[in-house]
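A.B. asks: So the sequence shown is numbered by the numbering used here: it starts at 9 and just counts up by one.
Any given hint could be a false lead.
Pairs of lysine-lysine, DSS-like flavour, derived with a Cα cap of 25 Å [what the hints assert, rightly or not]:
#: 1; residue 1: K503; residue 2: K311
#: 2; residue 1: K460; residue 2: K503
#: 3; residue 1: K178; residue 2: K192
#: 4; residue 1: K520; residue 2: K371
#: 5; residue 1: K371; residue 2: K296
#: 6; residue 1: K192; residue 2: K345
#: 7; residue 1: K410; residue 2: K371
#: 8; residue 1: K292; residue 2: K277
#: 9; residue 1: K349; residue 2: K440
Pair by pair, the computed Cβ-Cβ distance ranges are [as the list claims (entries may be wrong)]:
#: 10; residue 1: A253; residue 2: A599; range: 48 to 58 Å
#: 11; residue 1: T455; residue 2: A610; range: 37 to 47 Å
#: 12; residue 1: R592; residue 2: K371; range: 29 to 39 Å
#: 13; residue 1: T611; residue 2: A570; range: 17 to 27 Å
#: 14; residue 1: L532; residue 2: A462; range: 36 to 46 Å
#: 15; residue 1: T524; residue 2: D454; range: 19 to 29 Å
These are computed hints drawn from the structure, not numbers from a lab.
From the three backbone atoms N, C-alpha and C, an ideal C-beta is built for every residue, glycine too.
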Amino acid sequence: MRRPLIPCCSPWAPLPWVRSAPLAKSSITGWFVRRLASGRLLFAAGTGLLFAACTGPLFAACTGPLFAACTGLLFAACTDQADAAPEQGGTSLWFAALTGTGCTATTNGKKQIPPEVDNLVAVWTATLADGGKKTGTARTPSAKIGQGSWEIKGIPAAPELDLDVYGCSKDKKLVFAGRNTGLKVTEGPSRPVPLFLAPTDKLACTGSATGSAKLTVGRSLASSAVLISGDAVIVGGLSAWNKTAGSGTGSDAVDVYDARLGHFVAGPKLSAARILPHVHAISKEADKPQLLVVGGALSVMRKAASDKFVISTLVPEKIDGATPATKAELLDLTPGKAATKVLDKVDVGVGAYVLSSSIRLDKAVLFVGGVSETGQVMDKATRLGNPEEIAIGGTGKSDSVKLNAARVRPALLSFTDGTAVIWGGAVLPGNKPPLADAMGELLAADTPVSEKLAVTGPAALVDDPNLSTIAPVVVPIARTADVLTFLVAGGMPVKTPLTALAAPTYLVTVTKSSKTAELRQVTLPGGLMLRAGLFGVGIALEGRRALLGGGLIALTVSPDVAALCAAADAQKDDCALDTAWMVRVPDTMPAGDSAVQLELLATLSLGGPRIGVAAAPLPLGALLAGGQASTRSGDTADVLDDVGEVLTVTPPTLDIATICH
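Between the sequences and the hints, there should be enough to build the whole structure, so can you do that?
C.D. replies: What follows is the structure, encoded as structure tokens:
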């Protein structure tokens, strides 16, 4: 699938295609693809690429009059005197900076190449016009021509080219990685191919020389969606906080993260402020990205007096008037036509309720549970069929589904055939916690009633009164048409709605054909405990890997939670996690009810306590954006974060020893 055509310097103009030109050798700094008559491909090297930063070891001859200032954005690269003049300027290759006390945009120019990068390796895959595939690999030490150009041989003209670039250290470790997909290589003028590289297995700052490292406004409890292009959209959230009142109000902001360039650009504002809205991409056309935005809350309280929401932490003060009058809107990010449109003819059912959940299935958007405007915890789901039709006609067909349990902010997952799994958030009358037999349900496409899952596992889990949690952090690990495996952590137990300390962490394997859910306890090496709090981070990474952490543990730093937030001031802070863990689930499970030991891949500092971070998958990892440091210790500017961070991981099938030999 080709990426939507977005340019290097403007968020809404078309992205130039990668073109080729016969027998030309001119080059511009940055990634420019030019297919020569011989079938070779040139990547130009300037101050941001291949160590040609006026002092780099590979192309030390970058001293002539053809080499422009090392801090410029559009400038000529080191070229032979006989080279033709460059046809078009563009951007350079950017390396993300590691997070520290704060993030600023990465810039091109002198001394910006990370010292740990010794050489670069490009791996490309071309999809040919006849559907065939062709692949290749190139390395900087043996791929030089002229002064400052990188020649990659054998790239054909192709309607689709995917490019990965890896940075290797002197000791043969892969330390940086970046990806750009859906490029087009044709005869014609050269065009830029932007690429953003970030350190592997670490959190790094977003931001490039042409775009912002930060959100337009700091906020927490925003929602995210991923476009066909691989870019991410951060929508709404909580953008104002008053510590004295213990309350916050919502945001109408939209930010688009360009995964190729590594930076944010502002999108059109929503028609209403929305905290934790439902956001789903509904267009199937990459160059016309459109999203459905539904529900959300206008404001939330640190501790609401009403218990109608089951939990009273970070929920609206009152049920009446808690949600926007506009239940749904279309967020159109089509280049040149970016706008929002109110959808007053779309029935989103329970999707408009506070603390409902949603998932995008193959042929529908499913909304589940929540708390109605009268305070009723809903035992219903709304299935909005063929949502792509909404973008065309502004209407959609929906139907109601009866659930086996009333649920508040449950987790939703799906099998590959579109059958949904509803997990957690179950509440009995009187806001009592349910038994394990109410933990999960199956909902097949087009069926009017869900089916209960029979839950099995060790008694310590199955009989745990804290098993049912509201807003659990759930990460899918593997799925087929019949088997779905996922990790569960955090959320707020229905039994103890003011602290997440007792929320268990466990692994679930659901088998659709037998309608069963097997629970397994999980462990980490050294006795460490994997956990997440309320509104923590949870995101799936390729290769049975997961990132979990962050979130609110408790509103006060009481003795029982003090060890989890040692840096917090018990007199003025709440307890929120400042760490996330990247783990891998083994391919095979131990026999019986034995606990599953996870492989700990990395322990990542979030730079401080983080509640309500927006997370989205990226082509090579994940994006983390925003968050809230505390609900007690400060007002808007003190506690709401506008920083974006990326976690880049190597593809599980990549042979690092071969790449970095």
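A.B. asks: Hints numbered earlier in the text: which of these fail when held up against the supplied structure?
C.D. replies: Of the numbered hints, 3, 9, 14 do not hold.
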